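Listed in order, the protein sequences are those of chains A and B. Residue 1 is where the first sequence starts when you use the working numbering, and the numbers rise one by one after that. Residue 1 is where the second sequence starts when you use the working numbering, and the numbers rise one by one after that.
One or more hints might be untrue.
[Unchecked claim] Subject to a maximum C-alpha distance of 25 angstroms in a straight line, what follows is the list of computed DSS-like cross-link-like pairs (lysine-lysine):
(1) B:Lys58 x A:Lys107
(2) B:Lys14 x A:Lys88
(3) A:Lys91 x B:Lys90
(4) B:Lys14 x B:Lys3
(5) B:Lys6 x A:Lys3
(6) A:Lys91 x B:Lys58
(7) B:Lys90 x A:Lys54
(8) A:Lys88 x B:Lys6
(9) A:Lys76 x B:Lys90
(10) A:Lys93 x B:Lys6
(11) B:Lys14 x A:Lys107
(12) A:Lys93 x B:Lys90
(13) A:Lys76 x B:Lys58
(14) B:Lys58 x A:Lys88
(15) A:Lys88 x B:Lys3
(16) A:Lys205 x B:Lys6
(17) A:Lys93 x B:Lys3
(18) A:Lys205 x B:Lys3
(19) B:Lys14 x A:Lys61
(20) A:Lys91 x A:Lys205
(21) A:Lys93 x A:Lys3
[As the list claims (entries may be wrong)] Pair by pair, the computed Cβ-Cβ distance ranges are:
(22) B:Ser80 x A:Phe109: 33 to 41 angstroms
(23) A:Lys37 x B:Leu20: 29 to 37 angstroms
(24) B:Arg71 x A:Asn89: 47 to 55 angstroms
[Stated by the list, open to error] Chain B regions said to be covered by chain A (calculated; three or more residues, Cβ under 8 angstroms):
(25) 2-10
(26) 48-62
(27) 77-88
In case anyone wonders, no lab produced these hints; they're calculated from the structure. Note that this is a predicted model, so its numbers are computed, not measured. Beta carbons are placed, not taken as given, at the ideal position from N, Cα and C, and that holds for glycine.
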Amino acid sequence: MSKLHIDSITKSYGPEKVLQDVYLTCETGQIVALLGKIGSGKSTLLQIVFGTMKGDTQFIKLNDKVLTRQSDRRQKIAYLPQQPMFPKNTKIKNLIPLFCNPENTRKLFNSDFLQPLLNRTTRNLSGGGRKMVELLTVIHSEAEFILLEQPYSGLSPILTEQVMKMIKEISREKGFIISDFMNEFALEIADEIYLLRNRSLRHIKDLNELQQHYYLPKSI
Amino acid sequence: MIKNLKILRIFYLKLLVPALLFSSLLAFQTGFSIRNFGFCFSVFFPAFHFLIYELRLKNEYAFFANFGFSRPFLWITTFSAGFMIHLISKFP
C-alpha cells in the first residue's frame, strides 16, 4: 500500500492567503473528496500536490520519498485539470498508450465509448466527449495516485454514474483525490470528505456537518 | 526513453514547423546563409514557444507535466535547442 502525505501547504496570491497549513493524506484504495466553494483553493491545492504550482511552504511525500521536482511525480501522480489538456492535433489512439500500460490500453481501445473515437483528434470532439476521453485515459494511467478536478462537469448523468462506478472499481489499487462542488457525488463514492473553507481543510463526517459549515442550505 | 521522445515530439512539432518556415523566409530576405538561418531559428524557436504554449495552449502544459516534463524544463530545452542550432550554423 502506498501513501501520499501532504503537509504544511501554504499559498498566497499577493496579500491574499488562499491556503494555510493544509494537511491531507491519501492511501491507495481510498477516495478522498475535496469540497469547497468557488475560489476556495481546491485547484491551487491540487496543482501544488501535482507540482505545477509552488506553494509558499509545502511538504509532499510519497511513501518514503519527498517529492520536490515534477519528474519525481512521473508515473506516480496523474492530474486531470478542469480545462482540456490533451494536445488537439494528436489522434486519441496515439495518446492513450502514452498514459496506460498495454493491458489498460487494450481495455480502453475496446471500450464502447472510446472505440469509435480512436482515429479522431480531440479538436473534433465536443466538450463532453473530450472530457470523457481525458478522464478515462487518466484514471487508467499507470500512476498510483490520481488527482481529478471537477471530473463530472460536462458529462451526462448516465456517463457520470458510469465514471463513478469505474473510479470506485479502480480505487482498489489506486488513491484518488477528487475536487468537486457536488456533494452528492462526493458523498456517494468518497471514503473521506474534506471541506476547504477559510483557507484550511476540515474533515467532514456527514451531511449535517456540511450544513453547519454553510456549504449546504439548512433546508436539505 | 522512446515514450519520452514521442511526448517531446508532440510538444516540439508544433513549434518546429513555423520556426523553420519563418527562419527560412527571413534568412532568404537577408541573403541566405546557414549562419543567418541559425540566428533566425534561435530567435523564432523560443518566440513560437511563447506564442503557441504561453498564449494559446497554456492548458497543454498539464499534459506534459503528467510525464514529468515541467514548464521550466520545456523552456530550457527550447532555448538550448535554439542555441545549439545557432552554434552549429556558425561552423558549417
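Structure-based check of each hint:
A C-alpha spacing of about 30 angstroms is found between B:Lys58 and A:Lys107, which places the hinted pair above 25 angstroms, so the restraint is violated. Of the supplied pair hints, the one linking B:Lys14 and A:Lys88 holds, its CA atoms being roughly 11 angstroms apart against a limit of 25 angstroms. The straight-line distance between the Cα atoms of A:Lys91 and B:Lys90 is roughly 38 angstroms, outside the 25 angstroms bound, and the hint therefore fails. Under the criterion of a C-alpha separation no larger than 25 angstroms, the hint pairing B:Lys14 with B:Lys3 is consistent with the structure, at around 18 angstroms.
Of the pairs offered as hints, the one joining B:Lys6 and A:Lys3 is violated, with about 30 angstroms between alpha carbons and a cut-off of 25 angstroms exceeded. Distance check on the hinted pair: A:Lys91 and B:Lys58 sit about 20 angstroms apart at the alpha-carbon level, within 25 angstroms; holds. A hinted pair counts as satisfied when its Cα atoms are at most 25 angstroms apart, and B:Lys90 with A:Lys54 does not qualify at roughly 39 angstroms. Distance check on the hinted pair: A:Lys88 and B:Lys6 sit about 15 angstroms apart at the alpha-carbon level, within 25 angstroms; holds.
Straight-line distance between C-alpha atoms of A:Lys76 and B:Lys90 comes to about 43 angstroms, which puts the hinted pair past the 25 angstroms bound. Restraint check: the Cα-Cα separation between A:Lys93 and B:Lys6 comes to about 13 angstroms, which is no more than 25 angstroms; the hinted pair holds. The straight-line distance between the Cα atoms of B:Lys14 and A:Lys107 is roughly 30 angstroms, outside the 25 angstroms bound, and the hint therefore fails. As the CA atoms of A:Lys93 and B:Lys90 are separated by approximately 41 angstroms, the hinted pair breaks the 25 angstroms bound.
Restraint check for A:Lys76 and B:Lys58: satisfied, since their Cα atoms lie roughly 23 angstroms apart, inside the 25 angstroms limit. Restraint check for B:Lys58 and A:Lys88: satisfied, since their Cα atoms lie roughly 12 angstroms apart, inside the 25 angstroms limit. Distance restraint check for A:Lys88 and B:Lys3: the Cα-Cα separation of roughly 19 angstroms lies within the 25 angstroms cut-off, and the hinted pair is therefore satisfied. Distance restraint check for A:Lys205 and B:Lys6: the Cα-Cα separation of roughly 45 angstroms exceeds the 25 angstroms cut-off, and the hinted pair is therefore not satisfied.
A threshold of 25 angstroms between alpha carbons decides the hint, and for A:Lys93 with B:Lys3 the separation of about 14 angstroms falls inside it, so the pair holds. Taken as a hint, the A:Lys205 and B:Lys3 pair is broken in the structure, with Cα atoms around 43 angstroms apart against an allowance of 25 angstroms. About 35 angstroms separates the Cα atoms of B:Lys14 and A:Lys61, which puts this hinted pair outside 25 angstroms; it is violated. Among the hinted pairs, A:Lys91 with A:Lys205 is inconsistent with the structure: their alpha-carbon atoms are about 43 angstroms apart, more than 25 angstroms.
For the proposed pair A:Lys93 and A:Lys3, the alpha carbon gap of about 32 angstroms is over 25 angstroms, so the pair is violated. In this structure, B:Ser80 and A:Phe109 meet the distance hint of 33 to 41 angstroms, their C-beta atoms being roughly 36 angstroms apart. Our hint of 29 to 37 angstroms for A:Lys37 and B:Leu20 is violated, since their Cβ atoms are close to 48 angstroms apart. Evaluation of the 47 to 55 angstroms hint for B:Arg71 and A:Asn89 yields a failure: the beta carbon distance comes to about 20 angstroms.
Judged by the Cβ-Cβ criterion of 8 angstroms, the region 2-10 of chain B is covered by chain A as claimed, because 4 of its residues qualify and three suffice. Evaluation of the coverage hint for the region 48-62 of chain B: fulfilled, as 5 residues show C-beta separations to chain A shorter than 8 angstroms, against a requirement of three. With 0 residues carrying a beta carbon less than 8 angstroms from a beta carbon of chain A, the region 77-88 of chain B misses the three-residue requirement, and the given coverage is violated.
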